[in-house]
Amino acid sequence: MTETTPLPTWPRHEPMSTRPPTVRCYHCLYLFSWDEQTIYQRDPDTGTYHKMSVAGMTDSVSRDEALRQGYVRCPNSGVHQGTSEHYLPLGYVRYLPPLVIGLVGEKEVGKTTLLATMVDEIGRGRMTQYGFTARPLVNSVHSDFQADNFNVLLRDGKAVAATPAASEGIELADAFLLTRGSSQLPVAFFDVGGESLAEDLPAIRFIQAVSALIFVVDPDRALGRTSGSRDQRGLPSSVGDRAFNTVLNRLSPADSSTAQYFGQPAVIVLAKADTLRFEPVVSRWLRQESVLAGEFDPDAVQAESRDLYAFLYQNDATPWLAPFKSFGRCTLHAVSATGGNPVERTYLRGLRPRRVLEPLLAILAMKGMLDRPGTDRVGR
Amino acid sequence: MTELSFFDAAGHRVSCTVEVEFDEPGGPAAHLHTRLLRVHAGTDTPILPGVQYLRQRMVAGKLPLSQSEPYDLLDNEIRIGLHLVRRFQSGPYPAELSQLVGYDVDVDEPFALFVPYEGEETVKVAGRLTLDQQREFQIGLARALWLLAESGVVHGRLGPDTVRWEDSSGRVQVVDFYRAVLSGEPRSQAGPSSWNPPIEPGEDQRATPADDMWSAGALTYYAVTGRQRDATSHVPGLGLRGPLPGLLEGVFAASPAARPSATQLLRRLRVPDPWLADHDGSPRFAAGQREFDQIMAMKRAAFAPPQAVAGPARPPGKPPRRRRRRWPLLTLLLVLIIFGVTVLAMEVS
Chain L
-2 MTETTPLPTW
8 PRHEPMSTRP
18 PTVRCYHCLY
28 LFSWDEQTIY
38 QRDPDTGTYH
48 KMSVAGMTDS
58 VSRDEALRQG
68 YVRCPNSGVH
78 QGTSEHYLPL
88 GYVRYLPPLV
98 IGLVGEKEVG
108 KTTLLATMVD
118 EIGRGRMTQY
128 GFTARPLVNS
138 VHSDFQADNF
148 NVLLRDGKAV
158 AATPAASEGI
168 ELADAFLLTR
178 GSSQLPVAFF
188 DVGGESLAED
198 LPAIRFIQAV
208 SALIFVVDPD
218 RALGRTSGSR
228 DQRGLPSSVG
238 DRAFNTVLNR
248 LSPADSSTAQ
258 YFGQPAVIVL
268 AKADTLRFEP
278 VVSRWLRQES
288 VLAGEFDPDA
298 VQAESRDLYA
308 FLYQNDATPW
318 LAPFKSFGRC
328 TLHAVSATGG
338 NPVERTYLRG
348 LRPRRVLEPL
358 LAILAMKGML
368 DRPGTDRVGR
Chain G
1190 MTELSFFDAA
1200 GHRVSCTVEV
1210 EFDEPGGPAA
1220 HLHTRLLRVH
1230 AGTDTPILPG
1240 VQYLRQRMVA
1250 GKLPLSQSEP
1260 YDLLDNEIRI
1270 GLHLVRRFQS
1280 GPYPAELSQL
1290 VGYDVDVDEP
1300 FALFVPYEGE
1310 ETVKVAGRLT
1320 LDQQREFQIG
1330 LARALWLLAE
1340 SGVVHGRLGP
1350 DTVRWEDSSG
1360 RVQVVDFYRA
1370 VLSGEPRSQA
1380 GPSSWNPPIE
1390 PGEDQRATPA
1400 DDMWSAGALT
1410 YYAVTGRQRD
1420 ATSHVPGLGL
1430 RGPLPGLLEG
1440 VFAASPAARP
1450 SATQLLRRLR
1460 VPDPWLADHD
1470 GSPRFAAGQR
1480 EFDQIMAMKR
1490 AAFAPPQAVA
1500 GPARPPGKPP
1510 RRRRRRWPLL
1520 TLLLVLIIFG
1530 VTVLAMEVS
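These protein sequences, in sequence, are chains L and G.
The numbers in the working numbering rise by one with no breaks, and the one at position 194 of the first sequence is 191.
Convert by adding 1189 to the 1-based position in the second sequence; the result is the number in the working numbering.
In silico contact screen, one side only, chain L against chain G (beta carbon under 8 Å); selected entries:
no. : residue
1   : GLN257
2   : TYR258
3   : ARG281
4   : ASP296
5   : ARG303
6   : TYR306
7   : ALA307
8   : TYR310
9   : PHE321
10  : LYS322
11  : GLY325
12  : ARG377
It should be emphasised that the hints constitute simulated quantities derived from the structure, not laboratory data.
Backbone N, C-alpha and C fix where the C-beta goes; we use that ideal spot for every residue, glycine too.
Whole structure, please, built from the sequences with the hints as guidance.
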């Protein structure tokens, strides 16, 4: 007996008869909808795009494969000054408007490493216990991310390379289609080179398009543990993370009634928390791996946020707490992506990621996408 | 009076002059004796200023090699005691746990020294606690469980003789760590006890804080009711009223993973996290928490739904006097007067 694999189908809540959703281009911020006809195929050798139509495709398997690998040309390409030809993966514009998550932090604070381990944990099915199944949204993007980061870190035990600067163009790091029941939600991660954010280049305007932010705090810098990171009074830098500052200066408040705060949910991740494992307050939270246990306790999220806020405050790292004061809903999390520091770019003791999905769950809770009691209290 | 030389918890050799105050009858095992020592006045207490007594646990007499259990129990009690002292060295040592002062094992009669225990054994007060004391007992025991879990220690023998109640301060103290293990180590092979959870066939043999949670639940039931519950039952106890069934919900679950944590128990008791009280009393940390609370309060106010517009608040006291509407009456009176004057004038004319 031959096992039959169900054919990929169009999202049930977005049938073909309805117009695809309006999506904001992450290159130029232009709002547009896909015309449901035209897609482009990318030549991996030359990097060029070739137009094709799916209107005449009657074989659903071929059609879906074409859609899965397809790209869409942003209608704003070359229209306005300073905009060149640019394309977006079709998966990005095909479903509901994606949950766009930006990872923010200066160079080498650990954003890519964090993202690589998050992607690995999602791929291991950790979201299943929260009712989600996940699959890569754009296969080519996922493959590239695996080759560049994931395999380096998790297969070879090596530190990943710094992310290219955003001046070379913002690109999707990786994206997943989370499915729960009949609902499908694309989640897209953007890992942006810290240098570019700190330099306030035009390419970082995509920040306006994000729906949630992960601010990554490097404890070495925040606590002034690296040489040159303390001022003449012996305190950590009063500037904080320049990438944080740039984002906070770039964003616009949600509406006039709450103009004091930004509307997107945000999380502050105390990364490399393994280096603080002998600090009781950090150790306490680092050992509570809720996602492994399939738990989500809003009260615990609140308590952890309060403790970590106080810990950073106690250590004069208040500039790194600026996002907490600026976003209406914001939580703090102790996270270790690797379990230890690399020695000459190699993790000698192997990798032990801890709590890397806690920030994502907090974001999903604050967006009302997590089906657990009390999520309306998270971050507020 | 004798000169007592020993190692303190930091490994430094110290000495003081002591006198045996009394020997305690019985003990956790044969040949493992306990006695109270009085530190001689005029000599410095080497470890803890102000402590005038020391509780000494010792292996009495020289035992044959085949009889190693007392030595093993004493070694283990020292190992766990050192672990706890080092765990809490950055702050005040928690009163909920007995405190190791020192030890010497390379002598004919190896011994460990502790700060004297507080209060009396639960077996002496069970069923006689007032409602307020019952709550204090539950909170104290939950705090002790939290401290043990935070320290990675599983006591493994919580019961009416190893959990004490201090009446005057309303405190609970967990003592006698000779069978304790670190979380994740194999459970102590001490044989079954009605105060320990039954081990299911095929269950992981590594110790977990959930083991102590089960025992603490049984002990809480005993302290409140004076009766020992059915050890095979997975429910708190039939016929109980008040908050106890809610507090012990899930505590006797067969699976350790299904039992609540000490933090959850504290939340059920609606008491603050012991972390704040015990472990980081630094003013800067507390100031950070206050700032967090202030910012959260501002956010909640900013995002709160708008209230109906109300007039200025009235001062408390007399209810506002209702203003009488006199204008209609005056108008009617004026109309009548005009009418009357008009009629009168017409009649005169």
